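Assemble chains B and C onto chain A, guided by the hints.
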Amino acid sequence: MAKGYRARGVRQGGWGRTGLAAVVSVAYFFPVLWIILTAFKTHNDALATPPKFLFHPTIENFIAVFRRSYIKGFEAVDTGFALFFFNSIFVSASSVVIALAIGTLAAYGFSRFPLRGNDTYLFIILTTRMLPPIVVIIPIFLMFRVAGLSGGYAGVMLLYTAFNLPFAIWMMKSFFDELSGDVEDAARVDGSSETRVFSRVALPQVRAGLAATAVFGLILTWNEFLFALLLTGVGTRTVPVAMAQTIGGDIGVRWGLLAAIETLFLVPVIVVSFLLQHQLLRGVTFGTIKR
Amino acid sequence: MTQTPVTTATVAAARPATWWTPRWSNWRLALVVAAVVLPASALTLPVNAAFWLSLAAATLVAVTAVVDAWGRRRGPLLVAPALALLFVTNLFPLMWSLGLSFFRYRANRGAAPVFAGFANYQTVFASPIVWDRLQTTALVVILTVGTQMIVGFLLALLFEKEFPGRRVLLMLVLTPMMLSYVAIGAFFRYYYEPTFGLLSQAVRVFTGRPFILLDTPARALAGIIVADAWMWSPFVMLLVLSGLVSVPAYLYEAAEVDRASWWRRFWTITFPYIRSLLLLALLFRTIEAFKIFDVVFLLTEGGPGTSTETIGVYVYRLAFQYFRTGESTALAYILLFIVVVLTNLYLYFVKQRSAEA
Amino acid sequence: MRIQWRIARALIVVAVLALVDAGTPPAPAGAEDIVLHMAVPDWPPTRIMKDLADKQYKAPSGNKVTLEPDFIPWPNYYERLAASLTSGEKKYQMAVSDSQWLGAFIEGGYYLKLNKYIDADPQLQAILRDIHPAVVDAYMTYPYKSKNYYGFPQMPDLLVVYYRKDVFCNPAEQRAFRARYRYKLPCTPQEMNNADWSMVRDIGEFFRRTAGEKLAGQPLTDDFYGIAYQAGKGYDFASMQINGFIWQYGADIWDETGVPHAHAVGVVNSDAAVKAFDHYLALTQYMPPVVKTGTMDIFKVDELFREGKVAWIIQWIGFGESTITPKTSKVADKSAFAMMPGLRGPDGKITRWSNIGGQPFILTTWNNEKVTREALDFCKWWLSKDTQIKFAKAGGQSALKSVYDAPEYNTFRPWNHAFGPSLDWQKDVWHVPEFFELLVEQQEEFNKAITGQETAKQALDTIASFQEKLLKESGKIQ
Chain A
1 MAKGYRARGV
11 RQGGWGRTGL
21 AAVVSVAYFF
31 PVLWIILTAF
41 KTHNDALATP
51 PKFLFHPTIE
61 NFIAVFRRSY
71 IKGFEAVDTG
81 FALFFFNSIF
91 VSASSVVIAL
101 AIGTLAAYGF
111 SRFPLRGNDT
121 YLFIILTTRM
131 LPPIVVIIPI
141 FLMFRVAGLS
151 GGYAGVMLLY
161 TAFNLPFAIW
171 MMKSFFDELS
181 GDVEDAARVD
191 GSSETRVFSR
201 VALPQVRAGL
211 AATAVFGLIL
221 TWNEFLFALL
231 LTGVGTRTVP
241 VAMAQTIGGD
251 IGVRWGLLAA
261 IETLFLVPVI
271 VVSFLLQHQL
281 LRGVTFGTIK
291 R
Chain B
1 MTQTPVTTAT
11 VAAARPATWW
21 TPRWSNWRLA
31 LVVAAVVLPA
41 SALTLPVNAA
51 FWLSLAAATL
61 VAVTAVVDAW
71 GRRRGPLLVA
81 PALALLFVTN
91 LFPLMWSLGL
101 SFFRYRANRG
111 AAPVFAGFAN
121 YQTVFASPIV
131 WDRLQTTALV
141 VILTVGTQMI
151 VGFLLALLFE
161 KEFPGRRVLL
171 MLVLTPMMLS
181 YVAIGAFFRY
191 YYEPTFGLLS
201 QAVRVFTGRP
211 FILLDTPARA
221 LAGIIVADAW
231 MWSPFVMLLV
241 LSGLVSVPAY
251 LYEAAEVDRA
261 SWWRRFWTIT
271 FPYIRSLLLL
281 ALLFRTIEAF
291 KIFDVVFLLT
301 EGGPGTSTET
311 IGVYVYRLAF
321 QYFRTGESTA
331 LAYILLFIVV
341 VLTNLYLYFV
351 KQRSAEA
Chain C
1 MRIQWRIARA
11 LIVVAVLALV
21 DAGTPPAPAG
31 AEDIVLHMAV
41 PDWPPTRIMK
51 DLADKQYKAP
61 SGNKVTLEPD
71 FIPWPNYYER
81 LAASLTSGEK
91 KYQMAVSDSQ
101 WLGAFIEGGY
111 YLKLNKYIDA
121 DPQLQAILRD
131 IHPAVVDAYM
141 TYPYKSKNYY
151 GFPQMPDLLV
161 VYYRKDVFCN
171 PAEQRAFRAR
181 YRYKLPCTPQ
191 EMNNADWSMV
201 RDIGEFFRRT
211 AGEKLAGQPL
221 TDDFYGIAYQ
231 AGKGYDFASM
241 QINGFIWQYG
251 ADIWDETGVP
261 HAHAVGVVNS
271 DAAVKAFDHY
281 LALTQYMPPV
291 VKTGTMDIFK
301 VDELFREGKV
311 AWIIQWIGFG
321 ESTITPKTSK
331 VADKSAFAMM
341 PGLRGPDGKI
351 TRWSNIGGQP
361 FILTTWNNEK
371 VTREALDFCK
381 WWLSKDTQIK
391 FAKAGGQSAL
401 KSVYDAPEYN
411 TFRPWNHAFG
421 PSLDWQKDVW
431 HVPEFFELLV
441 EQQEEFNKAI
451 TGQETAKQAL
461 DTIASFQEKL
471 LKESGKIQ
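Protein chains in written order, with the numbering used here: chain A, 1 to 291; chain B, 1 to 357; chain C, 1 to 478.
The following block holds chain A by itself, in its conformation from the complex:
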């Protein structure tokens, strides 16, 4: 790799910047903070007027996420949420990984070995995200039923992978485009195989792009609702679908329960984003010059 670079363009800001950023961030975060606070409130505290900032925190909502009684006076039963959380994690993680793998390969192809009509292909790929999903629901539903994919993990994973692909391809292509091909060419001259050029030269330089794409993909998949509602079965239901059971029916909204589910549901995606953030903020290019 080229020598004599001063890393990326991240410059020092100091404590003054921290102060400003803290004020902005906390204000921005406030609606989420309120959800998290609500998760620790009893039902009767949740809607109190004036709103309660200080209260006796309770963890009963978090217990109720996993075990509660659905009928007044009956014993608490397993709600199945442990399974729903597993389903969400499993389906999102695998579809993001698959989409990232296929998408990065495609992006590398589109960027380095353009096809005839390259832009047209890219545009068609983008088009698949443009139609309101509700009108393709019935054909997809039918197709999945015939293929035996309805109700299982495979179907939703396949769909989510396709769901993430356009963004992954466009995103990774823009990162590959920013890279100079010189380093790759140099490696080729040194006798590296194409596979090696891709995995040892090109890929390490777009780690930030991979991280960002993974985070976006995870976020988009994590909360997908419509397809999950219609294509998952009792055993493969994901959290966003199951979460709706806290609304309607015999009570307006079970605030504490909804907030507790949402809070728990935020944890995995925040942890992953936080871990990948390091890559993200390191910058895209390690001194390679834009071509």
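Careful, some of the hints might be misleading.
Covered stretches of chain A (in silico footprint by chain B; criterion: 3 or more residues with CB under 8 Å from a CB of chain B, positions within the stretch not fixed) [to be verified]:
1) 18-27
2) 57-71
3) 124-132
4) 212-221
These aren't lab readings, by the way, just hints derived from the structure by calculation. Every value quoted in this text rests on a predicted model; they were computed, and no experiment measured them. In this text, a Cβ means the ideal position worked out from N, Cα and C, and glycines have one as well.
Okay, now just chains B and C, sitting in the frame of chain A:
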């Protein structure tokens, strides 16, 4: 091993002697076979058999294409899996709905579809409701995407530099887009609610009376846009940020030596690095905003009256409540056409600009 | 090449499998073990059903029959069910259905017509005779009020009054009310049963207090409101209340039993209907401010009452359980219940009508005879007196005369005394397949009137001409 660029010449050279030679690399023959098998099976066989036979035919095409391209054409091989997957999961349903848009059909009736030509398109074009909903949607798209771009960009500038606590604070800003719509819908309704809501309670401290946000069309629209922009500005921020941090430091140092103004520095150094990502953000957010459904449906249900009902909500009603399947797909394709034209125009202008630069 | 042969073999296998697969119908349920999959909304009445079935149900045939409900959250229940039915998934043997959906899904061929089974089965006939006729018409028939039967009651529900007995029965409030309006403020459920809409207006005006004023002797920390009923935009969250007003005024919605001669124009927007809707609108001024946004749906009404912000509401019985549970309600020990008010005529008599709520459950058409028999046996067990009493004890309602007329029924829940008598004046909204278009357009126009964008007359005129046009197109009006 060096890569030969794929040109028309190499493609021509790779062409098999005749298209009907049955070889594993002859994808043309496979394509012909598939073109015969697909409609034939669809017309004659029961749906299950037709599906699997079509799948087998498609696999045959894919296999021959891969065998043909193996080792020679890197570009197509690299993009093939992605295209294949998108074809199976998206294009098939798309084609299906496109077909339906020419039929008088209701998915909830036993009756078979009746060919109707462009009747569905006529109905949709003649419908004043569609035009009204399109106007509302345009307004929402412009306002919410505009807000997201500005807020997202400013947030990215804030987090551009390294400072103590940056990683944690950045996470706080990123969380809104990680929330699920069920929670967003319930809680924003609560925030805006005049009796219990935080907004109303805060205003009451000063005015002494409850504050009703969603009672007029304009303010209901504002409520939707605030919620949607709050949720998706971090998306723009993250994209811009990943561009900003990739600007090599020596460029800035050189600029400081030159005593270039902040604006000039931004325009000549920073902007080229984030341009493609800004474009990406704008593209994806516009496409998503055009389909906006959940926030509207959960916050105002399109009210008061029909003042905030977007085209996404109307398509939902047509498709799933009224079960006017043919009409809804026709409308969906008109929408697709609009978005395609818009994005193409946009991409065209961007290319011109970058060619000039 | 070896590898290519393998590929070819795989392709052949796939093709053969496809043909074989097409030839064999889906495997029928086992002779001994039969699972009845049922689409149900996720809430206590269906949870109780599952619990009772697991603990009590023994199929008379000797087969091992299990009820396997798919508990789907209420907010998305319709979409899930509609997608499952229309895609031909054939996943469910039974399903809970709103009564309005009957026409749409019967015309699609998804709900099983039960007449031949009922005709052949004296037990089912006896059950049918025992169910209140208004419920039979609303939950079981398509076309509405015909003799074609499709479903059975799962959770019968209707609108009743919830009110705060602590403030209504407070002596100081009683005195103040009499001084101002010259008659007694209702306190007991019997007195409240006698309420009419003009009394409701007085209640709304009387209990409107701002923070700092006193309510039942206690200073208020927040605004307090007199009345609330549904006035929302979503689903049917205004129509269900407005229909009651319209019928009480002697006006009508488009009458599907009069096809093809019943018209919408001149009926839906008759002078009496306009008067009724105006009356409905006039009362909204005494309601909490959220009504002005047009989003005061049944859930908001429920929340306002449970949080103690309003003195008197009209609500479905289905919300009662969470209202009298201290964990979820601030007014658990302060709530009382009564029948929905009516319109008092010049003769002093009250005209009562209301729109029925609740849900029937249906059998689907794709089951083989054995499964259908088992499903019907299950229905008979569900609608047996014994099971219905257990259901009612756990918090459900029963539409069986022999159950709700028994004196012990009123001891199960504090609102049960209002249930039986109210059944006599329940009607249902349309069952026709076009119901969703009718409903959505009507809700939109009602919402415009509720949020002050147009008058009652304008709204009803628009609704009437829309309905006339739509129903002419579909041949329901000639």
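We went through each hint and held it up to the structure:
| no. | hint | in the structure |
| --- | --- | --- |
| 1 | 18-27 | holds (count 7) |
| 2 | 57-71 | violated (count 0) |
| 3 | 124-132 | holds (count 8) |
| 4 | 212-221 | holds (count 4) |
Hint check: a violation occurs at hint 2 only; the rest are consistent with the structure.
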